[in-house]
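Asks: Here are the chains, one letter per residue:
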Amino acid sequence: MTVGDNRLLLELYHTMRRIRTFEERVNELFVRGQTAGSMLHMSIGEEGVTGVCKAMEPGDSFTTHHRGHGIFIARGADPKRMMSEIAGKEDGYCAGKGGSMHIADMGLGHLGANAIVGGGIPHVVGAGMSYRNRKLPHISVAFFGDGAAQQGILYEAMNMAALWKLPVVFCCINNQYGMGTRIDRAAANTNLHERAIAFGLNGVTIDGGDVEEVHEAAERIATAARNGKPGFMALTCYRFFGHARLDKSPYRDEEEEAKGRKKDALANARTKLITHRTSSANELDTLDDAVNIEMNAAVEHAIAAATPPADSIFRDVYAEDEPRPRPVRDHLSMILSEAR
Amino acid sequence: MTVGDNRLLLELYHTMRRIRTFEERVNELFVRGQTAGSMLHMSIGEEGVTGVCKAMEPGDSFTTHHRGHGIFIARGADPKRMMSEIAGKEDGYCAGKGGSMHIADMGLGHLGANAIVGGGIPHVVGAGMSYRNRKLPHISVAFFGDGAAQQGILYEAMNMAALWKLPVVFCCINNQYGMGTRIDRAAANTNLHERAIAFGLNGVTIDGGDVEEVHEAAERIATAARNGKPGFMALTCYRFFGHARLDKSPYRDEEEEAKGRKKDALANARTKLITHRTSSANELDTLDDAVNIEMNAAVEHAIAAATPPADSIFRDVYAEDEPRPRPVRDHLSMILSEAR
Amino acid sequence: MEVTYRDALRQALIDAMNEDPTIFVMGEEVGRYGGAYGVTKGLLEMFGENRVVDTPISEPGIIGAAVGAAMTGSRPVAELMYVDFAGLTMDQVANQAAKSRYMFGGQIGVPMVLRTQGGTGRSGAAQHSQSLEAWFTHVPGLRVVMPATVNDAYHLLRMALKCPDPVIFIEHKGLYVKKGEMDVAKPDGNWGKSVIRRVGNDLTIVTYSRMVHESLAAAGILAQNGIEAEVIDIRTLNPLDDETVFASVTKTGRAMVVSEAVMTGGFAAELSARISERCFDYLEEPVVRVAGEDIPIPVSPGLERGAVPTPQLIAETGLWLVKRVAPSWAA
Amino acid sequence: MEVTYRDALRQALIDAMNEDPTIFVMGEEVGRYGGAYGVTKGLLEMFGENRVVDTPISEPGIIGAAVGAAMTGSRPVAELMYVDFAGLTMDQVANQAAKSRYMFGGQIGVPMVLRTQGGTGRSGAAQHSQSLEAWFTHVPGLRVVMPATVNDAYHLLRMALKCPDPVIFIEHKGLYVKKGEMDVAKPDGNWGKSVIRRVGNDLTIVTYSRMVHESLAAAGILAQNGIEAEVIDIRTLNPLDDETVFASVTKTGRAMVVSEAVMTGGFAAELSARISERCFDYLEEPVVRVAGEDIPIPVSPGLERGAVPTPQLIAETGLWLVKRVAPSWAA
Ligand SMILES: Cc1ncc(C[n+]2csc(CCOP(=O)(O)OP(=O)(O)O)c2C)c(N)n1
Ligand SMILES: Cc1ncc(C[n+]2csc(CCOP(=O)(O)OP(=O)(O)O)c2C)c(N)n1
Ligand SMILES: [Mg+2]
Ligand SMILES: [Mg+2]
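Chains as they are written, first to last, in my numbering: chain R, 1 to 340; chain L, 1001 to 1340; chain C, 2001 to 2331; chain V, 3001 to 3331.
None of these hints come from the bench; they were simulated from the model. Please read these numbers as outputs of a predicted model, since none were measured by experiment. Note that beta-carbon positions come from the ideal geometry of N, C-alpha and C, so glycine has one too. A portion of the hints provided could be inaccurate.
[Unchecked claim] Cβ-to-Cβ under 10 Å is the rule here; a few derived chain R residues that face chain V: (1) Q34; (2) G118; (3) G126; (4) P137.
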């Protein structure tokens, strides 16, 4: 992108605002007692990842982790269906079976959010093999956290990707924490990109607080990946709030948090748009208001949506016309029905 | 060691010869149909590892892989008990239960050979924790192959060792092959030590054909490890023969093999001893003859040794005075004994 | 003393660590965070960083390190945050921890405790709600313990920390806040012994972990219908005390095995098979299993509840089994 | 046509790959080496490097890659060299491959085949001789197949390669060199159907994989003693056809389940439990299990043979069950 391009930054700002507001509404949904459980991981503070999503093309695929709401929104998710899924409703992306940690949409190339830290990483290697074998131009991107970078499977996946020259990108959202463990208490060398380079990939660490910088780097990494040189990028950011809804982060102090929250890609983009570009505060406020309306609607939609029917639990274990599991009650009936 | 030290090189030569001859005898044992199975992995060509074992102290511990005969001999194993174990005999190191791939001797700090590629690597991290907690001066060394370097668990283990500053060394015996797969078809970047450095460890690659060089490097790496800086060392060597007893290596050509076998730490040491040091060919021949006698005796011992009693299979599943598993026959007796 | 299941576990760790200096705790978030479910809260301050070790997110490496520590004079307690993550560690658990003593001819044991928790109840979805004890009970060399009561939480953990072999200690996320009596001087029963939680002559219900409480609730419903159920808590799936079960079934002539794990291939099948093998001449009805449905656990709270046994289901099955009263779904 | 079990598997792969361009094989040594047991020999030359992929030694990554490939239009056959290595892959198998369709509300399936082999017979010791099918049969979302015959090796693999869901295909290392009839036009039976390998009226022997042959040998011994055993080969543990088993037991009144896996918690327990549940009124004797001992597999050939069922043990148990003839060990 050309520096000073208002259109692009404005678009990125809009997406980041939609992410921020969506997460705030998820929070509201929880407070109103409407979410399926409390294992909800807010991506507030990580909106800079929008720059990576923007560098992806239609047809590209990706996997995410437990903190993947923002990534999915940036890839085109419908907030209503997301909110419904988070509420465990029938019209959610996964019919109320997956929830926040397992949202997916094959139509948008979302191969699935994963609740196993690192679990979705190797899937992009297989996606890359599919694209290579079928001569498709796509790349597949794995999104995960800094904590996941301590899972051995990441290194197995990176080695295979580099060895086979696959169109794959590994994107580590380094929000400095894995639950209560700061990265420097989880890794001896916190320059994670150096590991990727040692495995033969392109590797960079980018300031996640500057979405334009993220986007530029992602364009470079993605283009190289499309041409058979897989890459790794770490986005430096900060997890603004607790690990999950119920965590109050007692393990870190106010001061650190205040400092960490300064790394705010959304706020930075807004300032930049107003001070160095042609946008006015009013213009952005109008945009923000529209986002508010959109996300409020998503919340109300989810609350109003129907809960899934009880017998749907036996569906989707196997393909539709394959033998289904036998319900325990039917099993008991077969045993006890004949009188003795 | 001071360059030109005959005593040390002579000792290393003697150990390497014992390893080479031992493996040749294992081969003979197999040909005579006396081994427990054919999953026998010769370490011929890897004798240079003796330099690492020599840098270890009494009390240090280690884990090995499926190709660990040589390492164990260099750490003081009794060839008779090893050969008996390989033959599945009662007086073998593991009472005929483990065999070639699971030899161990807690007395000598051998925490176990492992048939799971990479399986024994993380154990040295735990050993390091024990030594640190109990303020013991020991180090623990994991020996494994180049193929194992593609197992994610190695990176989890190295990260933990570096993070906690444990007295641990990771020694990769890079014999260029994992079964039929040459290292450059298993890893995109074959400079494996670079990976270790990226994880925060000392990392070096050493010519496994020069046992003195290996020993010097090992002394440095081991000393640093004892002082809390764990290390990784890759020994470059060549697997002289097939992967296991039945493999004829059809996947590599004569020429490559001839070239590879030039990397012979044993032959090189002999030449060096005779040409640059004070040993004579006769002297070395006498030594070799003694080794022959020793290893022939080991073979005959193993062949003569008793096979383990049938009911020993129920022993050692749990500690001696803990409830033992109930034999299937006893289980059947309890069901069928009372007449119906 | 009335305490929670969580506090009892915590007390067991504290008492054991004070008594045995070779014990240390390691795992994700066990230190500063105090454990995902708060079991290790405060231990870091009490015992320091060498004995309460926060680890990176590296499950295979964590369990592997514990194995090595156990082979070198330590007695590690490795916490696996969710039993659902066991799939990452089964090699270190089943091929290393469980088999080392045997493979090495009895030279050494691996006295470690793998503490973890499982089960439904928090809308954790398919990867945070499983009951995978059957993976472990099929591995010779392991001991498998699943405490249901507060007192067992304390005593079985203390006993596990004296066991010379690897113990898989599986807690239930739905029990942490449960209150009950803890008497550090008096265990509910010995290691390796099943405990009769309720005496009855009409039906034997064999179960463990959270389902002990669901079964007792069901027994209450049954009692109102004139059926006295005997409820047996297995407690230690290995070593397994099935004799207590056989004695009860010999008395009642009817047996139901209740488990939260998916039915097919679950430990309930082993218990059912053993009862049919050994009590054949005394059974008036087939041994039935009331277990989890053969499905992954869905996230929606209503669906999640439908995936595992409830007191209602257990009671209706009991009524059918004993009094031939057709249950709601068959009526 | 008389071929070996190994060749039948190889032919199935070749025919399937020729028919379906989305199929590719990946795993350790499947290419240049031709497979640790030679099943994929020659495929690399036939189909090239993109469809016959030699991988690094990274089991979790290999299975994980297969999952991703299966979700993006490919039908991967991932080879796990030994089922003993399953412990490294259970997360990708049980939490990813098995649950994706369900967690994602039926949006997508994971049509992959995990080919592996298990069992004793080569002095492979504790980490190269296991029978771990029970880990998989306890995971909803998976199909589990264990061919015993040459014809099944061919047809069940072909069928597995048409299955829309993940299939765990477990071969037996002791059967690769076994010769038998392969008729590509005629399967022994449909997918999900048990097959009666021998007809008999006195006793039903339910089994699978290599134990089918040991059971048939035992049936021969029994026949010489006037006992006609019906031998049923389960073939597909999931989907499981137990109706065929119930029909047989209803006829014979006696049932024995034979499996090489360690007895406790094995799939034999599930089969035994189901038979007792559904054939209660027809059983003249308790259902018995003849299975592997509850121990790791020792390396010494003599000890290894003693760890798993033999035709002799099966036959003696059958004699006791049917004619009350006390066996050698009880006499
Ligand atoms: C395999 C596995 N181990 C542990 C957990 C528990 N857990 C969930 S999220 C998390 C922290 C992950 O940290 P990071 O990868 O940095 O992602 P973040 O939460 O910071 O977005 C942990 C330990 C899990 N879900 N899966
Ligand atoms: C986890 C695991 N995967 C695969 C195997 C099969 N296998 C045994 S040795 C071997 C090659 C190992 O290569 P390397 O680590 O270089 O050791 P080397 O044989 O060269 O000494 C393989 C693939 C195994 N035993 N364990
Ligand atoms: Mg993080
Ligand atoms: Mg090698």
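Asks: All the hints need checking, so say for each whether the structure fits it.
Replies: Taking the hints in turn, this is what the structure says about them:
A cut of 10 Å between beta carbons decides the hint on Q34 of chain R: the least distance to chain V is about 19 Å, and the hint is violated. Proximity of G118 of chain R to chain V holds as hinted, the smallest CB-CB distance being about 9 Å (cut-off 10 Å). For G126 of chain R, the interface hint holds, the least distance from its beta-carbon to any beta-carbon of chain V being 3 Å, beneath 10 Å. Checking P137 of chain R against chain V by beta carbon gives a least distance of about 13 Å; that is not within 10 Å, so the hint is violated.
In terms of the numbered hints stated before, the structure departs from hints 1, 4, listed from lowest to highest.
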